[in-house]
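I would like the entire structure built from these sequences, with the hints used as guidance.
One letter stands for each residue in the lines below.
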Amino acid sequence: MEIDDIYSELVMEHSQNSPYKKDIKNPTCSVHGHNPNCGDDITLSFVIENGIIKDVSFTGQGCAISQSSTSIMIETLIGKTIKEAQKIIDIFIDLIDRKQVSKEDKKLLKNAQIFKNISNMPARVKCALLAWKTTKNILNEQN
Amino acid sequence: MEKVFKGDFPILKNSKFSYLDSGATSQHPTCVLNDVISYYKKNNANPHRGSYSLSVKATKLYENAREGVKNFINAKSSAEIIFTKNATESLNLIAYSYGLNNLKKGDEIVLSIMEHHSMIVPFQMVAKKTGATLKYIYLNDDFCLDEQEIEKKITKNTKIVGISTVSNVLGTKNDVKKIVKKAHSVGAVVVCDASQSIAHMPLDVQNLDVDFAVFSGHKMFAPLGIGVLFGKQSLLLKMPPFLFGGDMIEYVDEQNTTFAPLPQKFEAGTQNVGGAVGLLSAINYINEIGYKEIQKYENNLTDYAYKNLTKLKFLEVYATKNKENRSSVLSFNIKGIHAHDVSSILDLENVFVRSGNHCAQPLLKHMKVSSTIRASFSIYNTKQDVDNLVFALNEAYKKFKKYIKD
Ligand SMILES: Cc1ncc(COP(=O)(O)O)c(C=O)c1O
Ligand SMILES: [Zn+2]
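Note that the protein sequences, when read in sequence, are chains R and D.
Under the working numbering, the first sequence has 124 at position 124, and the numbering climbs by one with no breaks.
Add 1000 to a position in the second sequence, counting from 1, and you land on the number used in the working numbering.
There may be inaccurate statements among the hints.
Simulated coverage check for chain D against chain R, where a stretch passes if three residues somewhere in it have a Cβ under 8 Å from a Cβ of chain R [unchecked claim]: (1) 1178 to 1185; (2) 1337 to 1345; (3) 1394 to 1404.
Derived from the structure by calculation, the hints contain no laboratory data.
Glycine included, every Cβ here is placed at the ideal spot set by N, Cα and C.
Here it is, written out as structure tokens:
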């Protein structure tokens, strides 16, 4: 695999200068995610009103993959309903797991498609999934 | 020409990769693999149980291995050698059987800050359950334990001191003998974690005068799943069993049991004879080369690595400047880039290193770094492996350079 696939401008930009890496005021819920082996550690804060994800931010530290994947996930999910977000997250997880994903579904992922080849770096799959799995759990609790 | 040992290791012999993670687990020479296969092909039976010759043979091989370990670390008696599954189980045995039964509120446990989680977490449990206090010996500026800290932290209240021979993150060699003297002067027992030194430096438990010592076979060319606990007989005799069940008993009534003598008292259930056979084989392999030769070879290699890594201006190396105190582990980071991202690039270049917190989160927090890349060397590594590492690091730096913030 070409490493440029993964460590692209987009990924590095999101990992180093994410517009979503900040504290937001009055989140309706927050959740902490952690990869004990590699030390990626993020806290996600959500503003969810009437079933719509109005705003999300994150803090914490980790590798470029986990940081950018978090940032790109937030970019993809802001403005979505909980149901839509859950669907997008499931598509992302399927994509990473190398399951069949339709063209339309892929489109919903927007920039997040960039991680599609992460399974070529099996040691890093957890980093790419951290934010998504963490968010999946908290959204399930919202219903 | 210096001797090259790579050829003894089938997994590495014609490999395209540089295996630089021996600090996590080592590879196996042909002699160890053959001896293990031969055990299962010819001699396998349940030890200590069968009243037939094959079982007696298996028992004998198992006890031979114990005798081999005893000689290898210069214990007084093979009753002082307990087989476990790894260093972690050995440390848990000490924590549960010695720690919980000998400590009380007001007592202190002193560990070095460079200890592995497998030392820290069991003794945290002991501290929580007994009300004892857990204290740490911190580092000086040169990634070694601070001498004054040692003097200050070990006090008349100290009951247990836990110290590794070599740090699995920094590669620092610790002056265990000196710490033992200090600990004994206040009546504390010393638990010595020899996991990171056992494949590289001799362990002489009588010379060090440690009360307990632990290590895993898999870090010294032996199979996974066999570990050692050494304990002074006087202490082991007074300690209650850790795990209960078959083989560790003498008589069992409906309500009561008397326990087997040492070392069986601490070995419940069917034991890992194949692992013990492999461990003895690994000991023989080390003895055949000789620690002297191993150290000469590895020091040369580690110095070469240290010199070449410290030449890379973009690298931050976390190692003592004093060559005498350095073992065959080196930790470092590309400044401004996370260790995982670097190690992924190294992976693609077929250089296998570990990155992360290396099961030593308290140490990394103390050093104020979140993770490091760790290259650890063994007898089968060559200067070519170091060159490959340096090349791959340069590649990673080229890749990430433009994103590094000052
Ligand atoms: C210093 C040290 N102690 C203890 C351990 C634990 O060894 P194991 O996981 O084999 O029990 C390790 C290895 O990971 C180590 O490096
Ligand atoms: Zn990561």
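Query - Residues of the segment 1337 to 1345 of chain D with Cβ under 8 Å from chain R, three needed, outcome - result: holds (count 8)
Query - Coverage criterion applied to the segment 1178 to 1185 of chain D (partner chain R; beta-carbon cut 8 Å; 3 residues) - result: violated (count 0)
Requested in this report: With a C-beta cutoff of 8 Å, work out whether three or more residues of the segment 1394 to 1404 of chain D approach chain R closely enough for the coverage to hold.
Outcome: holds (count 3)
In this structure, only the earlier hint numbered 1 is contradicted, and the remaining ones agree with it.
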